[in-house]
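Chemist: For reference, the chains in residue letters:
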Amino acid sequence: MSPAAVRRELEAALIAILVALAAGSLLMIVAGVSPLDGWRTMAVRTFGNAYGLGQVIYRMTPLVLTGLAVAVPLRAGLFNIGGEGQMVAAALVCAVVAAAIPAGTPAVIAVPLGLAAAAAAGAGVGAATGALRAYRGAHEVIAAIMLNAIIAGVALWLGNTWLFTGESTSSAAVVAGARLPSLGITGSGASASIAVAVVAAAGCAWLFGRTVTGFRWRMVGAGPDAARASGLDVARAQVSAMAVAGAMAGLAGAHFVLADEHAYQDGLGRGQGFLGVAVALLAGGRPAALVASAFVFGALAQGGLEVLELVPKEIVDVLQAIVVMVAAVTLGRRPR
Amino acid sequence: MIDVLLGAFSLAFVAQALRITVPYLLAALGGTLTERSGIVDLALEGKLLWGAFAAAVVTHETGSPAAGIAAAALAGGAVAAVQALWSVRLGADQVVTGIALNMAAFALTRFLLQVLYGQGANSPPIEDVGTDVWTSPLLWLAIILAVAVAVVVGRTRFGLRLRAVGERPEAVAAAGVSIARVRWIAVVAGGALAGLGGAQLSLPVGGFVAEASGGRGYVALAVVIMGAWRPVPVALMCLGFGAAEALQARMQGAGTGLPPELVRLFPYVLTLVLLAVVGGRGRAPSALGRRD
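If you read the sequences in order, they're chains S and A.
Letter 129 of the first sequence, counting from 1, is numbered 129 in our numbering, and no numbers are missing.
Letter 171 of the second sequence, counting from 1, is numbered 1171 in our numbering, and no numbers are missing.
Note that these hints are calculated values from the structure, not bench results.
Treat the hints with care, as some may be off.
Short derived list, chain S residues pointing at chain A, Cβ under 10 Å [claimed, not checked]:
#, residue
1, Leu27
2, Ala31
3, Pro35
4, His139
5, Ile142
6, Ala143
7, Ala149
8, Ala152
9, Val154
10, Thr161
11, Ala278
12, Val323
13, Val329
Each residue gets a CB set at the ideal place from its N, CA and C atoms; glycine is no exception.
Produce the entire structure from the sequences given, and follow the hints as far as they go.
Modeler: Given below as structure tokens:
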């Protein structure tokens, strides 16, 4: 990437952050809090101690993955709003698999098995969404929203009918070997799954930059007609992009099961799939930038909880939306 | 089972079907106007939600449902104005803009409930308006507006320009008509319609509940696509959706033994199946979603 292109993308991200800061300040005033106080308290409580930092790592982990779930199809010109459903389906499958294996299964087998089960389930949902678009001409955003709702309902039914133990809304615990260990940062939720997320981001960067598949995605994203005219199987590229995206969202589901809840729970990870949209767009769809973008949103999510008594926590959701609003203007803009 | 199906011919059933149809109908008509002008209308969900919110809050504050209904239309129109500013003026990505507006609607309505009433889940209760659908102003407004949209799109000069702007904007510009002006009018009017549809989600049920739109905006957009962007088929399809959902509610009430978690998914499954079967068949306005 040329230095000019880097500068342009950084500028776009900076504009988004500044607009979000301004809007956040306005909302604080509406809520009757001095913005200076609000932001300072948020920063001090979040970054002023090891626990806060650990929590930021914990919160950014699924966001890297759901962000990738948006960034990969974006490359191929598709918009994946189905991260939510892909994540839930994957978490359910992951929890069932990781609870069904023998109790003494060592981590070297149990963890990859759990991750693979989640990635496969997520990829299945993603590929189905992509196929609806590629072969049936269905709008991928509407199809994904419908699938999100259907998967949430089916997961609840499966849970209520077979999986939830006793009166709880939680499935049986996964075996000890399948658990991703905590990083041990003073009681924070930070766990080894951050490594999974970073490796996944590196993997996507490699796919984008160094593989034929990645090149095909970019061809299709730049113009499906031109890609088709040069003999490329556009539908296949679209389905594969959505499948990889689903696998990424699936790994986010695995994070919640293997590192966080150690079981499938109703409502697990809710909203993280949608938040991935903001994460991916702030990063301009680039995997390396995405880790930084997930950090920003992870810090914002944690910070919002830290100032709960001052500002309604919905402020964080508003700021996400504003970042996406700004990205809608800057995204894909090329200088003439 | 037979009883349930026979019940479909009762007046009560028709009333229930119409009550469910109103938000779909108004949102889908709004979406038809917006998309016909060449602007992708993924923000229908947000417009419905803002309409529901504004109707409940203004009715609660003023005690006047008429003011609430007007506020719903204004709120939908205001969201659409932002959408038009982004899509028409700034040339933003229309899909991303729509998603962002929906995210903003979910977050801001909750935020405002929190600031106004100290809790983010629902508005204070209001007296039910239009619970009896036959005397509901929203039903009659919806029917009048459905006819109006069909006439305006199909039989007026503005309608001709609207269709042309969605198909061949260059030709319209060459004829000396402002593309931006036609789009602004279509998008804002479409937004007002969708906002009105939102009022039906809060006024007859005694107030606003967070996330009251429940995906209806996306279903409505699917109906616009399946109705091939033509007002009459779109309106009839909304009626079909309303009837199907009312039938589902009846069957659930009659106790079919199907799990409630799955019965509730009916509209989403129906939408997905229809999208897969007929979704790609109709021809979209040629300029739809183009950034220029």
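Chemist: A separate judgement is required for each hint: does it hold in the structure or not?
Modeler: Against the structure, the hints:
{"no.": "1", "hint": "Leu27", "in the structure": "holds (7 Å)"}
{"no.": "2", "hint": "Ala31", "in the structure": "holds (6 Å)"}
{"no.": "3", "hint": "Pro35", "in the structure": "violated (15 Å)"}
{"no.": "4", "hint": "His139", "in the structure": "holds (6 Å)"}
{"no.": "5", "hint": "Ile142", "in the structure": "holds (5 Å)"}
{"no.": "6", "hint": "Ala143", "in the structure": "holds (6 Å)"}
{"no.": "7", "hint": "Ala149", "in the structure": "holds (4 Å)"}
{"no.": "8", "hint": "Ala152", "in the structure": "holds (9 Å)"}
{"no.": "9", "hint": "Val154", "in the structure": "holds (7 Å)"}
{"no.": "10", "hint": "Thr161", "in the structure": "holds (7 Å)"}
{"no.": "11", "hint": "Ala278", "in the structure": "holds (8 Å)"}
{"no.": "12", "hint": "Val323", "in the structure": "holds (8 Å)"}
{"no.": "13", "hint": "Val329", "in the structure": "holds (4 Å)"}
In terms of the numbered hints stated before, the structure departs from hint 3 and from no other.
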